[in-house]
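In terms of my numbering, the sequence shown opens at residue 5 and continues consecutively.
Treat the hints as calculated values from the structure; they're not laboratory data.
Just so you know, not all the hints are guaranteed correct.
Simulated DEER-style distance windows between Cβ atoms [as the list claims (entries may be wrong)]:
1) E118 - E55: 21 to 27 Å
2) A43 - A64: 17 to 23 Å
3) L123 - M37: 48 to 54 Å
4) S61 - V38: 30 to 36 Å
5) F119 - H57: 32 to 38 Å
6) N32 - R73: 16 to 22 Å
7) Y54 - E118: 24 to 30 Å
8) F60 - D39: 23 to 29 Å
9) E126 - R79: 54 to 60 Å
10) N80 - E118: 49 to 55 Å
11) L81 - A58: 53 to 59 Å
12) L81 - L123: 52 to 58 Å
13) A58 - V120: 26 to 32 Å
Note that beta-carbon positions come from the ideal geometry of N, C-alpha and C, so glycine has one too.
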Amino acid sequence: MDKNDENSSTMSHAQVDTVARDEELVKNLQKTMVDAVRASNALPRLGETYELHATFSLFANFMETQRTRIISLMRNLLLHSGCRARIPRILHDMETLIDSNDTLAERASISFDEFVAALNAERLMIQQRELGAEPVPGGVAVMLRNEQ
5 MDKNDENSST MSHAQVDTVA RDEELVKNLQ KTMVDAVRAS NALPRLGETY ELHATFSLFA
65 NFMETQRTRI ISLMRNLLLH SGCRARIPRI LHDMETLIDS NDTLAERASI SFDEFVAALN
125 AERLMIQQRE LGAEPVPGGV AVMLRNEQ
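Generate coordinates for the entire structure from the input sequences, incorporating the hints supplied.
Below is the structure:
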């Protein structure tokens, strides 16, 4: 008799049915979450055409509505499946934090570019030197001065 048979014999039929139902719910939940991740991966991504699409207010509003809808559906799915995991409401705060981080990185990049440009301009400055001749012993200018 293996371990599963021992557990089955000590559990009532109702408990076995509950365990089987819970296992089925978990499998369905996992499948649904995988499908949701696949669907989200099919959405336009940053760096592709997303920035262009996001400039249109209709698209931006649609994406925000869908984002809110998806989060709500995922919360309901987790709630009704008996899973205690929660999707934090901080997602909006996280997006704000990411946007702020992007702004700071952009400002740092601009400052760095300005610094490099100033450094290159400093290197390219040509030092002005006065051109002149120094007297050389035995040279023509020295001999002419001595004759006077």
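Find the hints from earlier in the document that the structure breaks and name them by number, from lowest to highest. 11
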